[in-house]
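Asker: Spelled out, the chains give:
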Amino acid sequence: MTVLQFLEGPMFYAAFAIFAVGAIWRVAGIVRLGRKPDLAPPKGSAAAGWFKGNLRHFVPRGLFAERTWMHLLGGYAFHLGLFVLLVFAAPHIAFFERFTGLSWTALPRWGFILAAEFAFAGLIVLWVRRFSDPVMRQISDRDDHAGSWLTFLVMLTGCLALEEAHDALRALHMGLVNLWLIYFPFSRLMHAFTFALARGATGAVYGRKGMNP
Amino acid sequence: MATVPNRRATDEDGMIFMRRVLTLLALLLWAGGAPAQNATAPDTAAGGARATTLEDILARQKNRLKGTTQRLPDALREIEGRPVPLPDGDAGVPQLGTLGGASDPDLWRALKSGAQATPSSSTARGQLMQVLGEDWRLVRRQYLLRYGGYVLLGMAAIIVLFRLIRGKIAIRGGRSGRTIPRFSLSHRIAHWFLASVFILMGLSGLIILFGRPLLVEFLGRDLLVGRMGMDPSVIDTLKSVNSVLLSASLQGHNLFGPVFVLAWAIMVVRFMKGNFFQWADAKWILKGGGLLGGHASSHHYNFGEKTWYWMVVLIGLGMCATGLFLLFPMLSQTLVYHQAATLLHAIGAVLLIAVAMGHAYVGSIGMEGSIDSMLRGEVDENWAKEHHDLWYEEVTGKKADHANDPGGAEAQAEGAA
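Going down the list, the sequences are from chains A and B. Using the UniProt record's numbering, you'd call the opening residue of the first sequence number 1 and step up by one each time. Using the UniProt record's numbering, you'd call the opening residue of the second sequence number 1 and step up by one each time.
It is possible that part of the hints are untrue.
[Said to hold, decoys possible] For each label pair, taking beta carbons as the anchor points, the in silico distance ranges come out as:
| no. | chain 1 | residue 1 | chain 2 | residue 2 | range |
| --- | --- | --- | --- | --- | --- |
| 1 | A | F195 | B | S186 | 20 to 28 Å |
| 2 | B | A170 | A | R142 | 30 to 38 Å |
| 3 | A | L86 | B | L153 | 39 to 47 Å |
| 4 | A | Q5 | B | A360 | 39 to 47 Å |
| 5 | B | R166 | A | H145 | 30 to 38 Å |
| 6 | A | P108 | B | F276 | 43 to 51 Å |
| 7 | B | I159 | A | A165 | 35 to 43 Å |
| 8 | B | I159 | A | A94 | 44 to 52 Å |
| 9 | B | V160 | A | R142 | 27 to 35 Å |
| 10 | A | F64 | B | V160 | 42 to 50 Å |
| 11 | B | K287 | A | L72 | 44 to 52 Å |
| 12 | B | K283 | A | R142 | 44 to 52 Å |
[As the list claims (entries may be wrong)] What the simulated footprint calls covered on chain A by chain B, stretch by stretch (three residues with Cβ under 8 Å from a Cβ of chain B suffice, anywhere in the stretch; the number is not a length):
| no. | stretch |
| --- | --- |
| 13 | 110–119 |
| 14 | 128–142 |
If you are wondering where the hints come from, they were derived from the structure by calculation, not from laboratory data. C-beta: ideal position from N, C-alpha, C; glycine also.
The shape of chain A in the complex, shown without the other chains (with noise of 0.2 Å):
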């Protein structure tokens, strides 16, 4: 077995398998918290409250939006760019239908290039933003760097191999997934599902207030 084989066969179903025990375990320990009864009766629906807290946050509201411009900009970039990566770019459909048998279109180059140029550009700023900002760089600890630096270098080494020629550099790049994969669950790149529970609980209280989120 080569190391590769072994990147791609036994170390990432290991990892996958941490990855997804591991998120599961967070999201379902959190939902299972559970929140003291509120005994005042409601003047609006938290069901509603929950929907609107979560598509609300997607856009900054008023004079906030010019403060945070860039981080708007670059949140968006990055996430849309990593998206669009991840799921149609073709060698991530090829790896998928090994797994699944299933397939579907995959973007053509110059999107790929786009998406990666989008992705990149964002995340480059939102780190740098972390470290300028003097509120974001005393709020930051080793794990948000941490988990910049190890999904920066997941994108960048995919891309480096994205000539297929050799099978070292697609080897780093699935190390890194592998290794991006097991960190996942402990660290805050976790929020990439818990975004959605905080702003729902938050939208939720407002809503069963009357109020929006």
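Chain A is fixed; fit chain B onto it per the hints.
Answerer: Quick look at chain B alone, frame taken from chain A:
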């Protein structure tokens, strides 16, 4: 003048390489002859023409090759400077060419006369094969790699020497503990965005430019095999490593290129204000930026910073233009422009990387308090008074005190008198 023998040496290497390739091709032709004869045998048996034998092929090639020494392109004769090497015992007949012997010189002569030939793997429409490629290769190998390396190593040496002689430039009088804002968050993000992408582009570009000469030629052939006597197979290993690095660097460089253009454009716009040259800059130059003694006053940016900014603007523009040109080869009809673009791109990159090394040194560990401006956005008051006194006076409305400067107390007293 010193470059002439070097060019000749390289050309001789090239000729040796060509001879080897031609010999290999001759051997391949030889090896390929036997099956061809076997294939024609049934026709003969059926009463057709006599089968072509190996002797026939060799005799035909010998005849066709006679006199080809005279048909060699001028460039090859100039480079060689002596008769073309001939196979043993066959005076007057050079080794076989890639097309069986006689075609190579004709082909090259035709190309030199402007004929166009496009292989199936063309990356530029219309014209790919042309003799200027050889000049381009020589310029790249003999001048760009050599002097580019000298420039980068020279800058590193200057920085080390400066550090040893001058040491870390401390804030005279120490930190005051009071800070004033110097760069906004958007300035800092624009700066670090460009810096991050620049590092990625620089590293990948240096691997593309210097990877093989450093890794295979210098480390492998000269050092490990030549001097340390290691097994020559280590060169093949290093070639494989270089191949992987090169593939990765090329992909990374092409990918980050457009991001660099974006980061460069943001930086140009964001930092333009205050970067136009002023009268104070002339005085700053005369005092050598304070290195020649006395205090060198400056506004928000000093002459060195302004020069660096305009270098980034102008050379960066050239880098972006040539880089995009190389990224989209369909923009050009002729390969000559691509060759010029690669050279200009590399020259600009070497210049920018060299000056960026100095910029990074002075802006970080070389000068106390400098990094604060780009990390926190604010600087110590004493730092501002010492390095950007005119800006300090503009911002605070207070007079910059130079009492801590060498000879500053006397100068201040004279000024007061």
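Asker: Against this structure, judge whether each hint is valid.
Answerer: The hints, checked one at a time:
{"no.": "1", "hint": "F195/A with S186/B: 20 to 28 Å", "in the structure": "holds (26 Å)"}
{"no.": "2", "hint": "A170/B with R142/A: 30 to 38 Å", "in the structure": "holds (31 Å)"}
{"no.": "3", "hint": "L86/A with L153/B: 39 to 47 Å", "in the structure": "holds (42 Å)"}
{"no.": "4", "hint": "Q5/A with A360/B: 39 to 47 Å", "in the structure": "holds (42 Å)"}
{"no.": "5", "hint": "R166/B with H145/A: 30 to 38 Å", "in the structure": "holds (34 Å)"}
{"no.": "6", "hint": "P108/A with F276/B: 43 to 51 Å", "in the structure": "holds (44 Å)"}
{"no.": "7", "hint": "I159/B with A165/A: 35 to 43 Å", "in the structure": "holds (37 Å)"}
{"no.": "8", "hint": "I159/B with A94/A: 44 to 52 Å", "in the structure": "holds (47 Å)"}
{"no.": "9", "hint": "V160/B with R142/A: 27 to 35 Å", "in the structure": "holds (33 Å)"}
{"no.": "10", "hint": "F64/A with V160/B: 42 to 50 Å", "in the structure": "holds (48 Å)"}
{"no.": "11", "hint": "K287/B with L72/A: 44 to 52 Å", "in the structure": "holds (45 Å)"}
{"no.": "12", "hint": "K283/B with R142/A: 44 to 52 Å", "in the structure": "holds (47 Å)"}
{"no.": "13", "hint": "110–119", "in the structure": "holds (count 3)"}
{"no.": "14", "hint": "128–142", "in the structure": "holds (count 6)"}
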